[in-house]
Amino acid sequence: MTPTGCGPYSGFGTGFSITPAGKVKVLGCLDQANDQGDPVSGVTLGTDGNFYGSSNGGDYYGSVWKMSAAGKFTTYGVFGASPNLATPLTPPVIGMDGSLYGTAEEGGTTGLCTYGFGGCGGVYKIKSSGKGYTVLYRFDQTNGANSYSPLLLGTDGNFYGTTYLGGDLSGSFKNAGVVFKMTPSGEYSVLYVFCARANCVDGANPVAGLTQATNGNFYGTTEYGGTGAGGYPQGVVFKLTPAGKLTVLYNFCSIASCTDGANPDGGLVQASDGNFYGTTTAGGTQNYGVIFQITPSGKYTVLYNFDYTTGAYPEVTLIQHTNGVLYGDTVQGGPARVGVFFSVGMGLPPFAKLVTWWGKVGGTVEILGQGFKGATSVSFNGTPATFKATNDTYLTATVPTGATSGYVTVVTAKGTLTSNQVFQVQ
Amino acid sequence: MRDVMKSDRMRQTPVLVVLVVVLLLSATALHAQTFTVLYNLGSVAGDPTSPTNPGIIAQGRNGDCIP
Numbered sequence: 001m002t003p004t005g006c007g008p009y010s011g012f013g014t015g016f017s018i019t020p021a022g023k024v025k026v027l028g029c030l031d032q033a034n035d036q037g038d039p040v041s042g043v044t045l046g047t048d049g050n051f052y053g054s055s056n057g058g059d060y061y062g063s064v065w066k067m068s069a070a071g072k073f074t075t076y077g078v079f080g081a082s083p084n085l086a087t088p089l090t091p092p093v094i095g096m097d098g099s100l101y102g103t104a105e106e107g108g109t110t111g112l113c114t115y116g117f118g119g120c121g122g123v124y125k126i127k128s129s130g131k132g133y134t135v136l137y138r139f140d141q142t143n144g145a146n147s148y149s150p151l152l153l154g155t156d157g158n159f160y161g162t163t164y165l166g167g168d169l170s171g172s173f174k175n176a177g178v179v180f181k182m183t184p185s186g187e188y189s190v191l192y193v194f195c196a197r198a199n200c201v202d203g204a205n206p207v208a209g210l211t212q213a214t215n216g217n218f219y220g221t222t223e224y225g226g227t228g229a230g231g232y233p234q235g236v237v238f239k240l241t242p243a244g245k246l247t248v249l250y251n252f253c254s255i256a257s258c259t260d261g262a263n264p265d266g267g268l269v270q271a272s273d274g275n276f277y278g279t280t281t282a283g284g285t286q287n288y289g290v291i292f293q294i295t296p297s298g299k300y301t302v303l304y305n306f307d308y309t310t311g312a313y314p315e316v317t318l319i320q321h322t323n324g325v326l327y328g329d330t331v332q333g334g335p336a337r338v339g340v341f342f343s344v345g346m347g348l349p350p351f352a353k354l355v356t357w358w359g360k361v362g363g364t365v366e367i368l369g370q371g372f373k374g375a376t377s378v379s380f381n382g383t384p385a386t387f388k389a390t391n392d393t394y395l396t397a398t399v400p401t402g403a404t405s406g407y408v409t410v411v412t413a414k415g416t417l418t419s420n421q422v423f424q425v426q
Numbered sequence: 427m428r429d430v431m432k433s434d435r436m437r438q439t440p441v442l443v444v445l446v447v448v449l450l451l452s453a454t455a456l457h458a459q460t461f462t463v464l465y466n467l468g469s470v471a472g473d474p475t476s477p478t479n480p481g482i483i484a485q486g487r488n489g490d491c492i493p
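Line by line, the protein sequences give chains A and B. The opening residue of the first sequence carries number 1 in my numbering; numbering runs sequentially from there. The opening residue of the second sequence carries number 427 in my numbering; numbering runs sequentially from there.
Since the hints were derived computationally from the structure, they do not count as laboratory data. Treat the hints with care, as some may be off.
[To be verified] Here chain B is said to cover these stretches of chain A; the calculated rule only asks that three of the stretch's residues, wherever they fall, bring their Cβ under 8 Å from a Cβ of chain B:
id, stretch
1, 40-52
2, 68-76
3, 334-342
[Stated by the list, open to error] One-sided and incomplete, this derived list gives chain A residues near chain B with beta-carbon spacing under 8 Å:
id, residue
4, Thr-14
5, Val-24
6, Ser-272
7, Glu-315
8, Ile-319
9, His-321
10, Thr-322
11, Tyr-327
[Claimed, not checked] The following label-pair restraints were derived from C-beta to C-beta distances:
id, chain 1, residue 1, chain 2, residue 2, range
12, B, Val-470, A, Gly-406, 44 to 54 Å
13, B, Val-470, A, Thr-114, 37 to 47 Å
14, A, Arg-197, B, Val-470, 42 to 52 Å
All residues carry an ideal CB built from backbone N, CA and C; glycine is no exception.
Just chain A, with the same shape it has in the complex:
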């Protein structure tokens, strides 16, 4: 999803797909007249095969929409003036009840955060029926303001997110954002307030959301803060326990001239090797950003320095495709200077990905992968299941009687794929 494109006279945004080999297909153009204009980032695959995303609306308040696999857009929820929410910057995610949950940067409580449309933003819910837009929570600045990131559905069924601003407003280096937890019913609590430590050595202003690692802890990045050089510290990678204890794993700009990267806008993805991968928008040997790897214990390695001809200023949170390869994009660079789509191969094997990682016995579970046309068995923590491969990259399986929570495995002609998430039998 890009905010521009679809020709010079309809530049309200483009929905497109790209194959793992790099073939781009424009699926459809967004329409400002239906409040769909100016999408900022990405989509979520729904259990119905449609993709769900949002648009900040440009001069309007924005919307949530769904896009069919063929590229047909349908407005799903329209935002409005406070006390409604406005300007959703990231796609919603699916909750365990099948509803969509997301954040909006603006709107909400009037009289606070008076820039833009005003209000500090909040969290919304749209029922799976597509009707029933509900404001679940309005940030009040002291407990967060202006979220730029998507929510994360935690393994406990609650949502976790970040706000770029808000929190402690008492000092000149404050207003640095928070990490929050919210139940599906809207019960909100702050897990961590950034700049809690002197000189913001614990990080400040997270742009990206969180990822929950296999060890249950949350990992993320901040754009500023830390102990890096340059007069204004250039961000950190952090670990946060579910109880709210934060550890800085890496300070960007730890090396002279910030050749190790600076100012990450993107978040982290934990790949199937257990390591985290991310990007920085600045720093690196050319100051066009880097791709990095960091282990759970904090060992940091720059994998690639962007040089503009191969891309520049990535803001993306990478995805690990089920073929094992990492993919991402850049905002600028490339021959046309408007970005590139890239891959990073780390030699990691294919795996299976669950569209939803929870369900009851007898329920249907969707699985992404490859080589499914030749699949011979699907098991839930060792219990065989019936399944149907719709195509080579997608199958559905029925949670079998006697299944227990654990990894899902798919046996294909080329080997056994194991899910990167634990399936929870409800």
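Following the hints, complete the assembly by docking chain B onto the known chain A.
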């Protein structure tokens, strides 16, 4: 003196071989991380351009990425 130097070189040969092997192995390890530009956005009219913000890249049922 020349023979002594030749002898020294011969003694160093196994060390050099080990170094070459180590370097080759290192190169192989680096090769395992392969950065590839798959597509230059804006290559044709109507192309998507300038994808911003750290959202979610989805993987579709057909295996394609939806940025």
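Taking the hints in turn, this is what the structure says about them:
{"no.": "1", "hint": "40-52", "result": "holds (count 8)"}
{"no.": "2", "hint": "68-76", "result": "violated (count 1)"}
{"no.": "3", "hint": "334-342", "result": "holds (count 9)"}
{"no.": "4", "hint": "Thr-14", "result": "4 Å, holds"}
{"no.": "5", "hint": "Val-24", "result": "5 Å, holds"}
{"no.": "6", "hint": "Ser-272", "result": "14 Å, violated"}
{"no.": "7", "hint": "Glu-315", "result": "6 Å, holds"}
{"no.": "8", "hint": "Ile-319", "result": "4 Å, holds"}
{"no.": "9", "hint": "His-321", "result": "6 Å, holds"}
{"no.": "10", "hint": "Thr-322", "result": "7 Å, holds"}
{"no.": "11", "hint": "Tyr-327", "result": "5 Å, holds"}
{"no.": "12", "hint": "B/Val-470 with A/Gly-406: 44 to 54 Å", "result": "46 Å, holds"}
{"no.": "13", "hint": "B/Val-470 with A/Thr-114: 37 to 47 Å", "result": "43 Å, holds"}
{"no.": "14", "hint": "A/Arg-197 with B/Val-470: 42 to 52 Å", "result": "50 Å, holds"}
Violated hints, in rising order: 2, 6; the structure is consistent with all others.
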